[in-house]
Each structure stands twice: as C-alpha cells, then as structure tokens.
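Undergrad: Sequence:
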Amino acid sequence: MNSLPSGRRSKQSSSTPSTLREVKSPGGGVLELSFEHASDEELLAAFVSGHPRALEALLIRRRDFIWSLSLKFLGNATLAEEAMQEASIALFKRAHQFKGDSKFTTWMYQIVHNCAMDVARKYRKGDVNVDVDQYTETFSVEDQSEEITSRQTVMKALMEIDPDQRAALVLVIMEGLSVEEASETLGVPAGTIKSRCSRGKAALAAILSELDPRLSQGSPGGKTSGGGNQSGPPSVLGTENLEVENREGGQ
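For what it's worth, this note's numbering labels the leading residue of the sequence shown as 9, then goes sequentially.
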C-alpha cells in the first residue's frame, strides 16, 4: 500500500495516543509506533495527530470488512473495488471529524454505505452484472455447497429490490445491526428502517419465488411459533431471525 500524506493535526488530538507503543532505537530515540494492539479509534486518533502509517494500518485491518460490505451493497466486484477506494479516501478526508459521539463501526458503516451509493449512481442498473462468484468468496470454508448456491440466489434477488430496502436488509439482517444502529447509519428514523426491512423482505420473497421457489417458502421470521425452523431467505442470509421489531437495543 502506498504511503499516505500526513494526517491533519487538530486541537483535540495534538499528541500521539498514550496507548500506542513506541519502538525505540538503540540510542533511545523513537523509530516508529507499534499499531498492532491499538484499537480502531486509537489508530484514527494517531493519524489525526500526524502519523500517516496509522491510517494505513487501519485500512489494512478493515480491508476485508469494507470489501465485503461494498459487495453486499453493490453486488458487483468492480464496483465494490471502486467503492472501497472511495471509502479509503473518505476516511483520510474525514478522519478529523470523528469525535467518538457514535461507535466507530457505525461511523465506518456510514462511510462505506455512502461511498457505495455514490458509485451505484454512476452506473445504470442494466450496465452492471451481479458477481455471485465473487460473493461466494466471502463465505467460510465450512459452508455447504447447497447453502452457497442458495446464498448466491438470494444475493442476485437482493440486487433487484429497492436500494434503500436493500441497505436496510444488509445492515439489519446480514450485518446484525440493531434497528437503532441501522437508523443512525442511514440517517432515517427507526420506524423507517422497520418499514424498509418489511417491504424489502416481501419484495425479496416475490423475486425468489421466481428464481427458486424453495427459498421463498416458510415464515419471514425463519422460525415457527413452536420454535421449529423453516426454510426461506432468513437462513441463507446468515441469520436465524428476520424479525426486527424487537431488535432496537444496542449490540
């Protein structure tokens, strides 16, 4: 990864976070900072304090997260790569804006989502192919081939629904955010998140009924009232419960 320009210094962060370890030279001088055990917040603070390598370390650590989330939002590897680059630039430009008022992960979700939507607006829907093979690479090696095929089908259907509904489903169902966290990330009321999830699930089920009827059967909640599991979108999206009404608490 190429070196980045020095971070912006701010009045709030004028020194290196004390939790970062300094690597000393034989003469006693500081050769570099060790970022191995630093938190994401500490890395960002170190970058703002004037240590460019801190942002490089943060981007390396979060690369897979940014890539996977971008791919879920966009469904196309080329666009996801572009969104990842835009997110890296946005992190550099906006690092000084993070004040710790929200979780760092929520702030990251906001940046990646906004960059993904900016990239999506640059291309017409008909010009973009869904890369289901690329999405397969985000699964663990323990996933069964039938489940992988099912998830590929769901991802293909997911790209057909309204972008706002898709974003809500990705955050709440696939990423496991609470309704309140998704609300903060997307900048809309919690009720809107619930509505988008509900409508998105209905739209997804309708599309899946045409692509693979097996995936559209069963309760949207993924469980019967008696506790028995049913087939359907919930399991292939990687969650046991699609219901969002009782998920307003923090993670």
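There could be a bad hint or two in this list.
[As the list claims (entries may be wrong)] With beta-carbon atoms standing in for the labels, derived distance ranges: (1) T157 <-> P60: 18 to 28 Å; (2) G108 <-> R222: 43 to 53 Å; (3) E44 <-> G199: 38 to 48 Å; (4) R222 <-> Q93: 32 to 42 Å; (5) P221 <-> G195: 35 to 45 Å; (6) H45 <-> Y131: 38 to 48 Å; (7) S110 <-> P60: 48 to 58 Å; (8) R129 <-> R71: 40 to 50 Å.
[Unchecked claim] In the EDC-like style, the derived pairs of lysine to aspartate or glutamate whose C-alpha atoms are separated by at most 20 Å in a straight line are: (9) K202 <-> D170; (10) K101 <-> E44; (11) K101 <-> E168; (12) K101 <-> E90; (13) K107 <-> D170; (14) K111 <-> E188; (15) K107 <-> E192; (16) K130 <-> D170.
These are computed hints drawn from the structure, not numbers from a lab. We put the CB at the ideal spot given by N, CA and C, even for glycine.
Undergrad: Now, for every hint given, state plainly whether the structure supports it.
TA: Evaluation of the provided hints:
At about 44 Å, the beta-carbon gap between T157 and P60 misses the expected band of 18 to 28 Å. Taking the beta carbon of each, G108 and R222 are about 46 Å apart, inside 43 to 53 Å as hinted. A hinted range of 38 to 48 Å for the beta carbons of E44 and G199 is consistent with their spacing of about 43 Å. Checked against the given bound of 32 to 42 Å, the beta carbons of R222 and Q93, roughly 38 Å apart, stay inside it.
As the Cβ distance of P221 to G195 is approximately 36 Å, the hint placing it in 35 to 45 Å holds. The hinted range of 38 to 48 Å is satisfied by H45 and Y131, whose Cβ atoms lie roughly 41 Å apart. For the hinted restraint 48 to 58 Å between S110 and P60, the CB-CB distance of approximately 25 Å leaves it violated. A hinted range of 40 to 50 Å for the beta carbons of R129 and R71 is inconsistent with their spacing of about 24 Å.
Between the alpha carbons of K202 and D170 the distance comes to roughly 14 Å, so the proposed pair stays at or under 20 Å and holds. At most 20 Å may separate the alpha-carbon atoms for a hinted pair to count; K101 and E44 exceed this at roughly 23 Å. Proximity of K101 to E168 is assessed by CA-CA distance (about 32 Å); at most 20 Å being required, the pair is judged violated. Between K101 and E90, the direct Cα distance comes to roughly 17 Å. Compliance with the 20 Å bound is thereby established for this hinted pair.
A hinted pair counts as satisfied when its Cα atoms are at most 20 Å apart, and K107 with D170 does not qualify at roughly 32 Å. Between the alpha carbons of K111 and E188 the distance comes to roughly 12 Å, so the proposed pair stays at or under 20 Å and holds. Of the pairs offered as hints, the one joining K107 and E192 holds, with about 15 Å between alpha carbons and a cut-off of 20 Å not exceeded. Under the criterion of a C-alpha separation no larger than 20 Å, the hint pairing K130 with D170 is consistent with the structure, at around 16 Å.
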